[in-house]
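Novice: Here is how the chains run, residue by residue.
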Amino acid sequence: MTLGSYYFDSVDSTEVIKSAFKSEVSEINKDGKYEIATDYSDYESIADPLVKAGNSSRIGLAATLGACVLIVILSMVIIIGYRTKELGILKAIGAKNLQVIGQYAVEVVLICLFAVVLASGASGFTAKKMGDWLLPETTMQNGSVLQAPSKAMPMFARDRSLYKEGSGFQGVSSESNESFATLDVTYRGVLFVYAALMLLVLSLFGMAIPVVRLVRLEPVKVLRME
Amino acid sequence: MELQGKLAVDIEGVSKTYSTKGGVVKAVDDVTMSVRRAEVTTILGPSGAGKTTLLYILGSLERPDEGKVNVAGVDLLDPSVDLTEFRRTKVGFVFQFFNLIPSLTAIENVTLPMDLAGVPAGVQNKTAAGLLERTRIDESLFNRRPPRLSGGENQRVAIARALANDPDVILADEPTGNLDSETGKVVIEILRSLAHEDGKCVIVVTHDETIVEMSDRAYRMEDGKLRFHRVSA
Ligand SMILES: Nc1ncnc2c1ncn2[C@@H]1O[C@H](COP(=O)(O)OP(=O)(O)O)[C@@H](O)[C@H]1O
Ligand SMILES: [Mg+2]
Chain A
5 MTLGSYYFDS
15 VDSTEVIKSA
25 FKSEVSEINK
35 DGKYEIATDY
45 SDYESIADPL
55 VKAGNSSRIG
65 LAATLGACVL
75 IVILSMVIII
85 GYRTKELGIL
95 KAIGAKNLQV
105 IGQYAVEVVL
115 ICLFAVVLAS
125 GASGFTAKKM
135 GDWLLPETTM
145 QNGSVLQAPS
155 KAMPMFARDR
165 SLYKEGSGFQ
175 GVSSESNESF
185 ATLDVTYRGV
195 LFVYAALMLL
205 VLSLFGMAIP
215 VVRLVRLEPV
225 KVLRME
Chain B
282 MELQGKLAVD
292 IEGVSKTYST
302 KGGVVKAVDD
312 VTMSVRRAEV
322 TTILGPSGAG
332 KTTLLYILGS
342 LERPDEGKVN
352 VAGVDLLDPS
362 VDLTEFRRTK
372 VGFVFQFFNL
382 IPSLTAIENV
392 TLPMDLAGVP
402 AGVQNKTAAG
412 LLERTRIDES
422 LFNRRPPRLS
432 GGENQRVAIA
442 RALANDPDVI
452 LADEPTGNLD
462 SETGKVVIEI
472 LRSLAHEDGK
482 CVIVVTHDET
492 IVEMSDRAYR
502 MEDGKLRFHR
512 VSA
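Sequence lines, in order, name chains A and B. First residue of the first sequence: 5, per my numbering; consecutive thereafter. First residue of the second sequence: 282, per my numbering; consecutive thereafter.
Any given hint could be a false lead.
Dumping the calculated DSBU-like pairs for lysine-lysine here, alpha-carbon to alpha-carbon at most 30 Å [to be verified]: (1) A:LYS225 / B:LYS506; (2) B:LYS307 / A:LYS225; (3) B:LYS407 / A:LYS100; (4) B:LYS349 / B:LYS506; (5) A:LYS56 / A:LYS132; (6) A:LYS225 / B:LYS349; (7) B:LYS307 / A:LYS89; (8) A:LYS89 / B:LYS407; (9) B:LYS302 / B:LYS506; (10) A:LYS100 / A:LYS89; (11) B:LYS407 / A:LYS225; (12) B:LYS407 / B:LYS349; (13) A:LYS89 / B:LYS466.
These aren't lab readings, by the way, just hints derived from the structure by calculation.
With the rest of the complex left out, here is chain A (with noise of 0.2 Å):
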C-alpha cells in the first residue's frame, strides 16, 4: 500500500523521519508495518537546483568579495603611490612614523567600509540574480514535484537544510506554494559582520607591505622629485 511520496533532502534526517513516520503512519497501518523506499535520484532531480543556487552563490560572495579585498589592497597601492610626497612631506615637517601611518590608516579603514558597503551589495544582487537563472528551471522541471510533499509531509525536513547558513540566501516560508519558487536574498547581520572583518582582516594584511614602506620612505627623496 502506497500513502504518497516522500522525499527527504539528507541521509542525516533518516533517522528524525523514521521516527515522524512511525508515528503519523503507524496510526493508519495498525500492524505496524511500513516500507521506506529511498529514491535518490528523485531527491537529486528536486535537490540539486537548489544546491547549486546555494554553492554558485557562494561561489559569487566569494569572488565578490575577493574582488573587494583587491580593490582594497589597490587602492592602498594607489593612496600610497599617489599620496607618498603628501606623506613625505608629512614625514620633513616632523610627523612621527605613527602619525604618518594613522593618517593613512584613517584612510585605509574609510575605504574598506566602502568596499564592505559596496561587497554586501554586490553579492547580494549576484545571488540574486544566480537565484532567479537557476529556479525558474527548477519550478518548471519539478514543480509538481516539489508541491506534492509539501502538502502530505510535515514540513520539518524540507527547506530549512537545503538552504544552509552561509548560503545569502533564506528559505521562503513553505506555507505559500507560489513564493517557493523564488529566493528572497535577505542581508543576514551575522554573514554582513562576517565579510566585514574578512576584508578588515585581509586589508589590515594588505596594508603591513606599505606600512614597511611608509616607515622606510625617506622625505628627502620626495621633495626631491619636483
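Use these hints to put chain B with the ligands onto chain A, whose structure you have.
Specialist: Below, chain B with the ligands alone, put in the same frame as chain A:
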C-alpha cells in the same frame, strides 16, 4: 640686539657624496659655516651646486658623510637625538614649490605642525590666525585650499606653517623660485622681518642675485664648495 651674535648654525667640515650609476657626486664638499640668529643669510649658487643638499643637512633630512653639524643647539649627528622632534620644533622649512597639503585649508596647513607637536586644539587656531596675519594672508583666505590660492599666497601660507612651532631656524630653498619678482619681494620682506623682528635665523638658498642684496650675509656655493661672499653694509 641681545639675540645677535648667538650662533644658530654651526657646522664644520661637512661633506656629502652621492653615488649614482653615472659616478660619484660630491654634492657638499668640506663646508664650514656659522650663522647667527636675527640675520638673513643667503647661499647663492647655480643649479647643482649642492645648495639644497646643504640645506637638507641643516634640517636633518640628509645625513652628512663627515663633519660636525650643530643647529639650534642640537648636535644632529648624536645618535641619541630625536631628529623627528628636532624637525618638528627647531626648524621650519620653506620650499620652492610650497609643499602644502592640497586637501587642507590654509589655516589647517598651519595648524598641522602644531597638531603633530601635540599643541592643544584650543590654542592652534588662534596661533595659526596670528601667523597668517603675520605673513599677510587675508582672513578671507584662511579657509581656502592651496589650489585656490595664488603662488605668493601659497608661499606665505607655507612660511606661516614653517613658523607654527616657533622654530629658531628657518630654512628656505629657493622660496621665490616659483614667483614673479613682485610677489617674491614680499616673501623676502617677510623673511627679513622674521630675522630682524623675531630674531630668527633665516637661511635662504637661491640663484637669484637680487635676493642677495636684501640679505645680511651671503655665501656663494659652487661644486659643493662654500665660500664667503659678502656682508651687507
Ligand atoms: N639623491 C641623490 N642621488 C644622487 N645625486 C644627487 C642626489 N641628490 C642630489 N644629487 C646631486 O648632488 C648635486 C647637488 O644637488 P643639489 O644639492 O640639489 O644642488 P642645488 O640645490 O644647488 O641645485 C647635484 O649634482 C645632484 O645631481
Ligand atoms: Mg636645489
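Novice: Check each numbered hint from earlier against the structure, then list the numbers of those it violates in ascending order.
Specialist: 11, 12
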